[in-house]
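Following the hints, complete the assembly by docking chain G onto the known chain P.
If you read the sequences in order, they're chains P and G. Just so you know, we're using our numbering here: the first sequence kicks off at 3 and counts up by one. Just so you know, we're using our numbering here: the second sequence kicks off at 3 and counts up by one.
For the record, the hints were derived by calculation from the structure and aren't laboratory data. This one's a predicted model, so the numbers in the text were calculated from it and none came from an experiment. Beta carbons: idealized from backbone N, C-alpha and C, even for Gly. Be a bit skeptical, because a hint or two may be false.
Straight-line C-alpha distance at most 20 Å; calculated EDC-like pairs for lysine to aspartate or glutamate [as the list claims (entries may be wrong)]: (1) G:K248 / P:E118; (2) G:K172 / G:E118; (3) G:K38 / P:E40; (4) G:K184 / P:E118; (5) P:K172 / P:E118; (6) G:K248 / P:E250.
Stretch-level coverage of chain G by chain P, calculated; a stretch enters the list once three of its residues show a Cβ under 8 Å from a Cβ in chain P [said to hold, decoys possible]: (7) 25 to 32; (8) 36 to 43; (9) 71 to 84.
2 protein chains.
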Amino acid sequence: MEIEALSIGQYSFVQNAYSFGFAVMAAATLFFWLMKSEIAPAYRLAVTITGLVTAVAAYHYFQIMTSWGAAADITSGEVLSTGQPFNQAYRYVDWLLTVPLLLIELILVMRLSQQETIKKSTILGGAAALMIILGYPGEVSETGGLRFVFWVLSMIPFVFIVHQLVVGLKGSIDSQPESVKKLINISVYLVIGSWLFYPIVYLFPLVGLTGGAAITALEVGYTVADIVAKAVFGVFIFMIAVRKSKLEGETKPVSDQS
Amino acid sequence: MEIEALSIGQYSFVQNAYSFGFAVMAAATLFFWLMKSEIAPAYRLAVTITGLVTAVAAYHYFQIMTSWGAAADITSGEVLSTGQPFNQAYRYVDWLLTVPLLLIELILVMRLSQQETIKKSTILGGAAALMIILGYPGEVSETGGLRFVFWVLSMIPFVFIVHQLVVGLKGSIDSQPESVKKLINISVYLVIGSWLFYPIVYLFPLVGLTGGAAITALEVGYTVADIVAKAVFGVFIFMIAVRKSKLEGETKPVSDQS
Chain P
3 MEIEALSIGQ
13 YSFVQNAYSF
23 GFAVMAAATL
33 FFWLMKSEIA
43 PAYRLAVTIT
53 GLVTAVAAYH
63 YFQIMTSWGA
73 AADITSGEVL
83 STGQPFNQAY
93 RYVDWLLTVP
103 LLLIELILVM
113 RLSQQETIKK
123 STILGGAAAL
133 MIILGYPGEV
143 SETGGLRFVF
153 WVLSMIPFVF
163 IVHQLVVGLK
173 GSIDSQPESV
183 KKLINISVYL
193 VIGSWLFYPI
203 VYLFPLVGLT
213 GGAAITALEV
223 GYTVADIVAK
233 AVFGVFIFMI
243 AVRKSKLEGE
253 TKPVSDQS
Chain G
3 MEIEALSIGQ
13 YSFVQNAYSF
23 GFAVMAAATL
33 FFWLMKSEIA
43 PAYRLAVTIT
53 GLVTAVAAYH
63 YFQIMTSWGA
73 AADITSGEVL
83 STGQPFNQAY
93 RYVDWLLTVP
103 LLLIELILVM
113 RLSQQETIKK
123 STILGGAAAL
133 MIILGYPGEV
143 SETGGLRFVF
153 WVLSMIPFVF
163 IVHQLVVGLK
173 GSIDSQPESV
183 KKLINISVYL
193 VIGSWLFYPI
203 VYLFPLVGLT
213 GGAAITALEV
223 GYTVADIVAK
233 AVFGVFIFMI
243 AVRKSKLEGE
253 TKPVSDQS
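Pulled out of the complex, with its shape left as it was, chain P reads as follows:
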């Protein structure tokens, strides 16, 4: 990435987007964990993992923000490279950990049988990890050809996950209480909708979008997609957990009944 292609305004805008990303992820984490004790024990694992996803994302946004700051010197009034490369790989390191986990939190909040939970978590989590691992070599490759090959390879587990979410989970979603069915469907479409952004921007360099505006759109877009897929999605998981706690008569945690 050519950081000198950015104007001061673009450079600062991206930095502010990272800072916003960090603040949202950290705040979401604290929210989920602080509220965990208010929901029924059966849903605390899902809500704990929801906070784990945003916690890991908060850490990586902090690292990305630091790396962005170290990559450029703007004291002269323009964006000059310091020679320190901007580490884009933090995103992949983050996704490798968070994407399988966020699919698992969706499975967990549905409270399927133990066998179903383990089976679906393994399949979806494994496919998600494979998708990220296959995307990485293309992201760091210097040639457009390799980038495209790994885009195609990475799209295979991507399409498989979308299919699993829409078709494979249909039966499980149908068996959910009426009052949360809509929330679960929204969560599924939030994941799919925000994920569509990633394979599109991945192709940006291939179609010649490499200037300052493209870099800005890409970095800000990634940040918005991450916030939707992790923090906003997490709020839906939390709401589902709250409603199901109420339905199952466990609104008040056992500890409050003493």
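Here is chain G on its own, set in the frame of chain P:
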């Protein structure tokens, strides 16, 4: 270690692996400690120690990552030594503390008699500490001969521990409830499987594997082995604790029933 033997890609890949290691260990720690209150009191000691192991590992991964960053300057487009040596000893400091503890968490989650617990923890913990202490002089020695001598010495407690886990614990594992027997066996083989990596890479320098690719394989491999032996192993310990809590009718923690 000759850090200048690495390409920028290799150097960055190792740095990302360390960051991933830190994120996994820190996330695992938070997970175990946040979920501790959800399991039966009898298993909270095991789960607390499980989180302690990953917490200590998170600290050391942070130190290793910082040391790796300070050892090289990559602003010129290639990896140049800053003169600051990369501190490999952090791994040994970490293992000296975490390896005895992770064997103890396995003993604790089996909930043996008090006498058995103390006896097995002392034997396995002591052998593990001895194994690490004997490995260190070979790791820092300049000559291949000394490296090999300490490899052999360190392998004695290593083989003893593997024997204890496979043969010595057999009776205790057989007395466990049917639904967790498989999980305990997987945990034992996770430890043994991931540990096999360490004595193999220890011999790398002896067979002339000292280039950039060997250093990368070694550092990334250590990180993966650590993640399996501490975080993944810890998740199994946690799952065993959850299932045994349920079996013993203590799904709702006792402290909440007061």
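Return the numbers of the hints above that this structure violates; sort them in rising order. Violated hints: none at all, because every hint is consistent with the structure.
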